[in-house]
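Visitor: Listed below, chain by chain, are the residues.
Number of protein chains: 2
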Amino acid sequence: MEFVTGTAKKERAELAAILAGELDEKQVTVNGIVHTVRAMGEVVFVILRKRDGLLQCVLEMKETDVDVKLIREAAAVEVSGVIRREERAPGGFEVRIEEIRILSEPAEPMPFAVSRWKLPVTLETNLDHRAVALRNMRERAKFKIQEGIVRGFRDFLYGEGFTEVHTPKLGAKSAEGGANLFKLEYFHRPAVLQQSPQFYKQMLVGVFERVFETAPVFRAEKHNTKRHLNEYTSLDFEMGFIDDFTDLMEMEAGFLRYTMRLLEAEYAGELALLGITLPDTERIPVIRFDEAKQKVAEAYGRQIRSPYDLEPEEEALIGQYVKETYGADFVFVTHYPSRKRPFYAMDDPKDPAYTLSFDLLYDGLEITTGGQRIHDYQMLLDKIEARGMTTEGMEQYLEVFRCGMPPHGGLGIGLERLTMKLIGEDNVRETTLFPRDITRLEP
Amino acid sequence: MEFVTGTAKKERAELAAILAGELDEKQVTVNGIVHTVRAMGEVVFVILRKRDGLLQCVLEMKETDVDVKLIREAAAVEVSGVIRREERAPGGFEVRIEEIRILSEPAEPMPFAVSRWKLPVTLETNLDHRAVALRNMRERAKFKIQEGIVRGFRDFLYGEGFTEVHTPKLGAKSAEGGANLFKLEYFHRPAVLQQSPQFYKQMLVGVFERVFETAPVFRAEKHNTKRHLNEYTSLDFEMGFIDDFTDLMEMEAGFLRYTMRLLEAEYAGELALLGITLPDTERIPVIRFDEAKQKVAEAYGRQIRSPYDLEPEEEALIGQYVKETYGADFVFVTHYPSRKRPFYAMDDPKDPAYTLSFDLLYDGLEITTGGQRIHDYQMLLDKIEARGMTTEGMEQYLEVFRCGMPPHGGLGIGLERLTMKLIGEDNVRETTLFPRDITRLEP
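Residue numbers (the numbering used here), protein chains in the order written: chain A, 20 to 462; chain B, 20 to 462.
These are calculated hints, taken from the structure and not from any lab test. Do not take every clue at face value.
Any copy, or any two copies together, can satisfy a pair, since identical chains are not distinguished.
No farther apart than 25 Å at their CA atoms in a straight line, the calculated lysine to any residue pairs in the SDA-like style are these [as the list claims (entries may be wrong)]:
(1) K202 x G60
(2) K245 x E204
(3) K137 x E92
(4) K402 x T26
(5) K241 x P331
(6) K192 x L203
(7) K81 x D263
(8) K241 x L189
(9) K192 x D456
(10) K369 x Y277
(11) K45 x K402
(12) K69 x E97
(13) K192 x S253
(14) K342 x L203
(15) K88 x N446
(16) K314 x I121
(17) K342 x G25
(18) K359 x G110
(19) K192 x L417
(20) K45 x D84
(21) K45 x L73
(22) K192 x L142
(23) K192 x E204
(24) K359 x E127
(25) K369 x I121
(26) K202 x A191
(27) K202 x L189
(28) K192 x N145
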């Protein structure tokens with residue numbers, strides 16, 4: 020009987036160790052994908068693409084019997100040789116190739132040059148060949164940044180006493196209801212895909228007090244804009260024992276600050292590759308919905324057309340306004356009108372036409388919706404009745420309120436939108452690995 | 020203009036600080052849910068349930084004008100008073116109540132006594148009132164352990180150079196195909212819910228070399244057993260540049276070991292509450308599929324009925340066999356027959372009737388399926404053809420192989436099953452927050 024002991028056979032040199040100078044003058048074996056091959060007379064440069072960057076390998080034609088024609092772009096190879104300090108190499112080190120072993124070869128050339136600094140294709144072509152396009156260094160760097168954001172969200176919230184939860188995406192009913200639900204048949208019963216974990220995260224506040232989830236949500240919206248997806252990753256949290264809804268905004272600002280520091284510390288290479296300057300998250304201005312509308316109408320001579328909601332153009336102008344006035348990249352807009360918020364939103368006792376809620380705008384785009392929720396059973400029933408809604412299918416949701424719930428609230432952050440703004444893209448598909456929109460279900 | 024600075028107003032005492040003795044003799048305000056109220060003559064004990072444990076609060080009837088009748092089980096309260104060392108209190112400290120503020124009250128009594136050590140209801144009743152049942156201390160502890168497992172998975176893999184990815188759950192086609200797909204309409208086109216991120220994680224090996232995902236998967240299987248769910252959380256990873264499929268097993272064993280240490284270090288309270296002894300993950304035996312079948316047939320006098328697959332009873336007996344023989348809780352079973360593995364599985368060049376694959380059994384239950392995948396384009400096409408399958412809908416999957424892929428493999432771990440075995444439950448619904456099975460779509 021053999022045994023597995025969880026110890027990897029680390030015979031391959033890692034890029035980080037090479038570039039840190041730990042293997043200088045050492046004989047190593049290193050693997051990677053052939054990024055480019057450049058023959059310069061008697062010397063051939065083989066640049067390997069590794070998961071964390073590029074590595075220059077050099078082949079002296081005089082000293083080798085390696086057949087260079089076999090080294091093709093996109094081949095997976097294993098190189099043996101000696102590490103040498105070399106100022107002109109990316110990262111300051113290179114491998115002098117002694118042997119090169121082809122692990123696998125492409126069957127055909129790439130549909131476009133992924134090794135180029137900027138991918139030479141339109142977004143449509145990029146998305147049609149997504150898994151190939153993502154091999155481009157800058158394309159993949161976007162998703163390392165995205166990873167950093169999700170890590171920051173989780174690590175910050177673990178530290179704040181939150182519990183991570185996994186709630187079902189298949190259900191009989193969803194929190195917001197309405198037309199934007201994907202419907203399916205579940206063993207001869209009608210079912211929906213959850214458009215948000217709202218009901219579940221609230222129910223779990225009664226259990227864990229503070230919960231978060233990072234999971235897909237599904238919206239059958241027919242919008243086909245640069246900022247809409249039909250499936251996206253939502254960073255959700257919900258917390259009990261809040262004094263008021265500003266506790267939620269402080270928590271979100273804390274997450275953003277923590278995450279920017281994490282990115283600086285652990286994703287510096289990707290930030291540099293993409294030329295990203297991190298936004299200021301130390302002081303985020305707060306403005307009421309009605310004031311924001313008014314200010315923007317005055318400042319930019321724009322007529323208020325829809326009094327209960329912010330139009331995308333208004334959001335953009337609010338972003339512009341706080342940038343010009345406070346140098347701020349983010350702004351919390353608070354007290355949205357009750358009629359545009361879901362039934363579970365807590366109305367402002369001072370003026371029930373407004374809710375104790377907020378959106379967070381980043382560079383003029385909504386990336387978060389949040390607020391305090393109703394925790395009182397009777398108040399919840401009254402609001403459901405006042406809206407002419409039915410409690411059917413909400414029995415278990417309502418039961419937790421009947422059994423007592425602390426004052427609470429929460430929020431949801433659109434991961435792809437936050438990544439998009441951080442990176443400075445203008446289409447949310449650029450920061451989604453495999454986007455789903457009204458026309459795109461593949462790859 | 021006000022500003023949010025990400026600084027929470029920490030006026031409330033946290034349980035950890037109280038139990039660490041940091042607030043001894045201090046005046047504090049602390050909040051929580053009333054877990055139990057016990058009147059003992061002149062003294063009333065109010066036990067608060069907080070997110071990380073229980074806190075004893077004591078009210079001296081002579082010295083207070085608090086109306087005890089208002090303090091009901093399940094109410095959310097805020098208590099002010101002085102912290103005192105008290106040996107008989109859970110954790111060694113209590114709060115001498117001076118003031119108690121009711122933040123919210125339940126409308127009705129709980130449907131059952133959640134404060135009991137063991138919940139006095141059947142699993143069916145538990146699941147029907149899930150969000151209330153989870154308030155029980157031991158019920159919720161299971162999901163803290165589950166959190167620890169997912170944290171361990173991610174943190175270990177980050178450390179091993181993996182990139183976290185988010186792949187779409189809505190698609191035109193899924194990796195395994197077949198009858199167990201949930202189907203839906205996607206803007207007048209047929210779509211499916213992904214039964215695994217298989218295609219996507221393989222495609223992303225070409226991008227990031229090593230990737231993982233922790234996300235829901237959907238299986239429309241009609242099995243209604245103690246170990247099946249129709250939606251579950253899959254811990255998936257896929258890695259390139261493997262030498263052979265044992266690299267994958269070593270990585271999984273590394274994850275298990277890392278996670279057991281994380282649980283010991285950070286979830287000791289929950290382990291104690293549930294009376295869990297962690298399994299041995301230092302040495303995991305490995306046995307070939309056909310040998311395992313044979314050994315179990317011999318050892319337990321069991322006839323081999325299905326030569327190409329392991330029956331649940333056989334898995335259980337293999338678990339028993341390695342426990343009796345090696346004291347092992349886990350066992351890797353390798354080289355499953357090709358005809359029972361999907362088309363993308365790499366056949367063993369020494370005997371193509373078997374694959375370079377494995378399952379991990381934990382206490383006789385399959386919790387992981389993994390293996391090396393085919394990375395050669397032509398080999399993949401040949402296998403698809405040999406199986407009489409069509410490449411339709413797989414164009415983008417196949418494109419990454421045409422453009423070159425390193426040798427690679429991966430695995431998927433059923434989170435709820437792993438949690439179930441770790442905790443010693445025998446029904447996977449016990450370790451799923453809101454389970455989905457053939458009869459259950461709510462809550």
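Visitor: Each hint: holds or not?
Guide: Status of the hints after comparison with the structure:
| no. | hint | result |
| --- | --- | --- |
| 1 | K202 x G60 | neither (63 Å within a copy, 58 Å between copies) |
| 2 | K245 x E204 | between (31 Å within a copy, 23 Å between copies) |
| 3 | K137 x E92 | within (17 Å within a copy, 62 Å between copies) |
| 4 | K402 x T26 | neither (58 Å within a copy, 33 Å between copies) |
| 5 | K241 x P331 | within (16 Å within a copy, 46 Å between copies) |
| 6 | K192 x L203 | both (12 Å within a copy, 16 Å between copies) |
| 7 | K81 x D263 | neither (75 Å within a copy, 34 Å between copies) |
| 8 | K241 x L189 | both (21 Å within a copy, 16 Å between copies) |
| 9 | K192 x D456 | both (23 Å within a copy, 16 Å between copies) |
| 10 | K369 x Y277 | neither (34 Å within a copy, 52 Å between copies) |
| 11 | K45 x K402 | neither (72 Å within a copy, 42 Å between copies) |
| 12 | K69 x E97 | within (11 Å within a copy, 55 Å between copies) |
| 13 | K192 x S253 | both (19 Å within a copy, 24 Å between copies) |
| 14 | K342 x L203 | neither (45 Å within a copy, 44 Å between copies) |
| 15 | K88 x N446 | neither (40 Å within a copy, 58 Å between copies) |
| 16 | K314 x I121 | neither (64 Å within a copy, 40 Å between copies) |
| 17 | K342 x G25 | between (52 Å within a copy, 19 Å between copies) |
| 18 | K359 x G110 | neither (53 Å within a copy, 47 Å between copies) |
| 19 | K192 x L417 | within (13 Å within a copy, 38 Å between copies) |
| 20 | K45 x D84 | within (22 Å within a copy, 79 Å between copies) |
| 21 | K45 x L73 | within (19 Å within a copy, 57 Å between copies) |
| 22 | K192 x L142 | between (36 Å within a copy, 23 Å between copies) |
| 23 | K192 x E204 | both (13 Å within a copy, 17 Å between copies) |
| 24 | K359 x E127 | neither (54 Å within a copy, 31 Å between copies) |
| 25 | K369 x I121 | between (72 Å within a copy, 21 Å between copies) |
| 26 | K202 x A191 | both (10 Å within a copy, 16 Å between copies) |
| 27 | K202 x L189 | both (10 Å within a copy, 12 Å between copies) |
| 28 | K192 x N145 | between (36 Å within a copy, 20 Å between copies) |
When held up to the earlier numbered hints, the structure conflicts with 1, 4, 7, 10, 11, 14, 15, 16, 18 and 24 and fits the remainder.
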